[in-house]
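Chains as they are written, first to last, in the working numbering: chain P, 1 to 286; chain A, 1001 to 1255.
Simulated from the structure, these hints should not be mistaken for lab results.
Incorrect hints may appear among the rest.
Unchecked claim - Here are the computed lysine-lysine pairs in the DSBU-like style, where the Cα-Cα straight-line distance is at most 35 Å:
{"no.": "1", "chain 1": "A", "residue 1": "K1054", "chain 2": "A", "residue 2": "K1198"}
{"no.": "2", "chain 1": "P", "residue 1": "K176", "chain 2": "A", "residue 2": "K1201"}
{"no.": "3", "chain 1": "A", "residue 1": "K1054", "chain 2": "A", "residue 2": "K1201"}
{"no.": "4", "chain 1": "P", "residue 1": "K176", "chain 2": "A", "residue 2": "K1198"}
{"no.": "5", "chain 1": "A", "residue 1": "K1196", "chain 2": "P", "residue 2": "K176"}
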Amino acid sequence: MNYFLSFLILAEIFSIAALSTNLLIGVIGIFSVAQAAIMGVGAYTAALLMMAGVPFPLALLAAVLTCAAINVLSSLPSLRLAGDYFIITSFGTQLVATAVFINWQDLTGGATGLMGIPIAEIAGYSFASSQQFALLVTVILIIVATSFWLLMRSPHGKLLHAIRLNEIAAVAAGRKVLRAKVGVAAVSGAYAGVAGALYATYISFIDPVSFDIHVSVLLVTMLVVGGARTLAGSIIGPFLLLAIPQLLALVDIPSTVVGPVRQLFYGVILIAFMLWRPQGIAGRKL
Amino acid sequence: MTYFSVSNVTKRFGGLVALDDCSFAIEPLRTSCVVGPNGAGKTSIFNVITGFIKPDTGSVVFKGEDITLATRHERVGRGIARTFQNLQLFEELTALENVLVCLKDESANDPLTAIFRPFHTNAVLRRKTAEAAALLEQVGLGHKLDAAASSLSYGQKKLLCIARVLATNAELVLLDEPTSGLAAGALDAMVELIHKLKEQKKTLLVVEHNTQIVQRIADEVLFFHRGHLMAQGTPAEIVANEELGRIYFGKGAGK
Chain P
1 MNYFLSFLIL AEIFSIAALS TNLLIGVIGI FSVAQAAIMG VGAYTAALLM
51 MAGVPFPLAL LAAVLTCAAI NVLSSLPSLR LAGDYFIITS FGTQLVATAV
101 FINWQDLTGG ATGLMGIPIA EIAGYSFASS QQFALLVTVI LIIVATSFWL
151 LMRSPHGKLL HAIRLNEIAA VAAGRKVLRA KVGVAAVSGA YAGVAGALYA
201 TYISFIDPVS FDIHVSVLLV TMLVVGGART LAGSIIGPFL LLAIPQLLAL
251 VDIPSTVVGP VRQLFYGVIL IAFMLWRPQG IAGRKL
Chain A
1001 MTYFSVSNVT KRFGGLVALD DCSFAIEPLR TSCVVGPNGA GKTSIFNVIT
1051 GFIKPDTGSV VFKGEDITLA TRHERVGRGI ARTFQNLQLF EELTALENVL
1101 VCLKDESAND PLTAIFRPFH TNAVLRRKTA EAAALLEQVG LGHKLDAAAS
1151 SLSYGQKKLL CIARVLATNA ELVLLDEPTS GLAAGALDAM VELIHKLKEQ
1201 KKTLLVVEHN TQIVQRIADE VLFFHRGHLM AQGTPAEIVA NEELGRIYFG
1251 KGAGK
C-alpha cells in the first residue's frame, strides 16, 4: 500500500511541476528546460524555512512567491530570443542553478544536500503518514489543476494561446504581450514552487541531483508523452513515466544498469512520441 | 487640428531607402488609398504608422499627439489598427477566438482574475463571445464561428482579418491589400464591407493595387514611388495624371 501511495504522491507532485512546464512550453510557447531548477528553488526555500522552524503553510507561500519571481526573471530573455535560442538560454539557467545548489554550501548543504526536512504540518495536524500526505498532495493538485483549467478557459487563456501561435498578430491587436508573458511565467513559477515545497517535505531530503537537467528533460518528456496544452496531458505524462521505474523494479536486472535502462526507456519513448504522436496522448495537434 | 499626419518620414534599410521624406495628412471619415508600384513604400508607411518599424527621421501625429515613439499596443489603444498583406491569423484558433482575443475590452484579461474570480471571468467571457459573434456576423462569417481559421477559404480569412481589426474598436483602420487574390464574388463582398466601414464612421487607409477598386472605394489617393509620396489627390486627378500612369503601368500607358 505504501509503495503505491509513494508512487501516487510523487506522480501528483510531478503533475504539478508538469502543469508549470505546460504553461510555459505548451501554452505560451516559452520552451524552457529549466523548470526542475525552479522547482529546486522552491524545494530549497521551503526546506530551509521549515528547518528554521517556519510553519509549512508560510514556507509553501515563500516558495511560491520566490519561484514566481525567479521564473519571471529566467523567462525574460524569451522576450528577445526566439524559439531555439531561448532553449539554450534556459539550459544555461538550469546549469547555473545546479552549480549554485552544489557550491553555495553554507545555505544548500552542497552536494550532500539538506537532510531532516520536517514533515508538513498545518494548524497542528501532521501529515506524517503516507495516507495523510497523499491526501494533502491530492487536494493541492486539485487546487492547482482547477486554477490551470480556469485560466485556460478564460479570455486571458485564449490570449496566451494566441500569443504562442502568432505574436505579431497579438501585438497588432493591441495586446500587451510582455505583460501576458510575465504573468504566465509568474503563475508557472508559483506551480513549480508548490511542487518543490511538497517534494522537499515529503522526501525530507533534497540534493542538487533531485533538480538537475535530467529532471528538467523528464518534465519536458512528461509533457510530450501526456500531451502539451491540456490539463489531462500534464497528469497522464507524470503518472506514465514515473510508472516506468516501478515496472523496471519488477524485472530482474542488475541494480547498476537500472538507471541507464530507465534513461534509455525515457529516450525511446520521447523519440517514439515525436515520430508517431507529437501531440501526446491527450494533447491537441502541435 | 489635423486628424492624422505623417511629416518628413524617412526610413532606410542599409542602402535601400524605403521611405524618403514622406509627408501627408488625412482627414477624418475619409477613405484614402495608398497606391504605387511594388517597392514604392506602401507597406513601409503602414509599418511606420502602426509602430512595426521606427522611422529614422520624421514624425507621426494622431489627433494632435505625437505617436512616433508610442508602442504598438499604445497605438491600437489610441484607435489605430491594421490588417496584414499576409493575413497573420491565429490559424489554430476558431474564427470566434480570433476575434475574441482582439476585442478592446481588457476586463478579466489577467491570470489572477481568471483564477480567483471565475464567475466574473465567465460573465466577461460570455459578453466577449457575444461581441465577437456579432462582429463575425457583420463581416459575413456568422456561419463560421467555430471553424478553425486554418479551415477557412482565402476570402473568408480576409473577412476574418477585418472582423479582428474591428474588434480593436479602431477609428483609423489600415487595410493592407484587402482585395488581393480574391475571386470576383469575394471581391464584391469585400468592397461592400469597406463601404459598410465607411458608414460606421471609420477613417480608412487602404493599400490597393486594383485601380478599379480604388475608384470604387477611395475619396482620395496617395501615390507612392520609390519611397516618395509623388501625389495626393482625388481618384480622378490621379488617373488623369499621365506621368503617374507611366510609372504605374509602364512606358506609354495612358496614351
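Checklist entry - Going through the earlier hints one by one, which of them does the structure break, listed in rising order? => result none
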